[in-house]
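Undergrad: For the protein sequence lines, the chains are S and A, in the order given.
The end of the first sequence is residue 171 by our numbering, with every number in the run present.
The end of the second sequence is residue 1175 by our numbering, with every number in the run present.
These are computed hints drawn from the structure, not numbers from a lab.
Note that the structure is a prediction, hence the values are computed from the model and not measured.
Check before you lean on any hint, since a few could be wrong.
Below, simulated DSSO-like cross-link-like pairs (lysine-lysine); rule was C-alpha separation at most 30 Å, straight line [to be verified]:
1. A:1005 x S:59
2. A:1152 x A:1170
3. A:1094 x A:1120
4. S:154 x A:1114
5. A:1132 x S:59
6. S:59 x S:78
7. S:153 x A:1120
8. A:1170 x S:149
Away from chain S, derived, C-beta distances all over 12 Å, residues of chain A [to be verified]:
9. 1117
10. 1134
11. 1167
No residue lacks a Cβ here, since even glycine has one placed at the ideal position from N, Cα and C.
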Amino acid sequence: METPPNYTYALTTDELALYWPNLEEGKNFHFTSLKRKGYKCIWYALMADVGGIEMLWFKEVYDLEPNSLDHSAAGYAKCFEKYYGFELCDTFDFEEGFIKVVLYEDQNGDFKHVARFLPNGNLTSKMGNYEDIEHTIDAVCGNEYGYPKLVMKKTLNEDTYQDFISKYPIL
Amino acid sequence: MIAEKRYRELGRQRKRAIKCWAYDDACSSPLKHVDRKRPNEFEKKIDWTKKPFRPPNGTNHKSKPKAKRVYDVSTISNVHVTGRLFNEFATKWKKETGHYSTMIHITRNENYLKVIALGKPAVPFILKDLEKEPDYWFEALKLLTDNNPVPKSHLGNLELMAFDWIAWGKKERLI
């Protein structure tokens, strides 16, 4: 089987039902667009001008000690704060002039997913290797992605945003 | 239980009878040195006290269940077997972890660990898979080869990381 250009993959209905049983198309989510496989939800949500952002790669890029790595939402929040200028906040809603993200943590205390707020109050997420979707905050909750744990925000500079969009049009 | 006791008793009686016959025969025969071997050999071939295998009702010897296939990956040296196992594990791994976002969950998957357990013979197959389509094989490659050709500036960029590893593989003549 030939792989589509840019290695884009679409979620099947079976996968949706298996991993995110709460998702109901048309009710609490809809597909936005196909995205290439080369990056995951963190890069998509944070819109940071760095490649894939990931705890194991933080370790190499910033020379962190392997034993000090914290794979919980709080651990990721610390890295987002330290390296990408995000700050923790309390309100789970959209704020004008900010990039605002929600960090999901599962029952084992592992960081699992991050989604970005849209002006309409919904969130946008890239689902692993697959496409991005627009959904409500609790639609992706469950065993796979866990539950919303922390909210972070960062001042959105319009020029930087436009630069980013022009640099990564596929995003 | 009664049937089994009876069966064993019959076996014992039969054994006793053979011994008696063999003794008489050995003593009466002019070729004693040959005949004396007969009962021992006979007893060696057939153990009358042992219950023979009987297939369950409704089955015959052909329908005997086959032993479950177990992969002993520690002793695999055959390239074809490694390739087949790699394909099997890699397909399952991709299917099971496609929706994950964090590397720790992607690389903690059972099938990913099985690929690592295949050892160094799996490296050419991983590199070929990377050539076909970039994927997150970097942790396994690092462990199996004790190498890391990816510069810091490429970290996190799936395509560039894959490209670095493929270039390394070609340099080492693994692909």
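Undergrad: None of the hints should be skipped; say for each whether it holds.
TA: Okay, the hints, checked on the actual structure:
{"no.": "1", "hint": "A:1005 x S:59", "verdict": "71 Å, violated"}
{"no.": "2", "hint": "A:1152 x A:1170", "verdict": "21 Å, holds"}
{"no.": "3", "hint": "A:1094 x A:1120", "verdict": "20 Å, holds"}
{"no.": "4", "hint": "S:154 x A:1114", "verdict": "41 Å, violated"}
{"no.": "5", "hint": "A:1132 x S:59", "verdict": "28 Å, holds"}
{"no.": "6", "hint": "S:59 x S:78", "verdict": "13 Å, holds"}
{"no.": "7", "hint": "S:153 x A:1120", "verdict": "45 Å, violated"}
{"no.": "8", "hint": "A:1170 x S:149", "verdict": "45 Å, violated"}
{"no.": "9", "hint": "1117", "verdict": "20 Å, holds"}
{"no.": "10", "hint": "1134", "verdict": "7 Å, violated"}
{"no.": "11", "hint": "1167", "verdict": "18 Å, holds"}
When the structure is compared with the earlier hints, violations turn up for hints 1, 4, 7, 8 and 10 and for no others.
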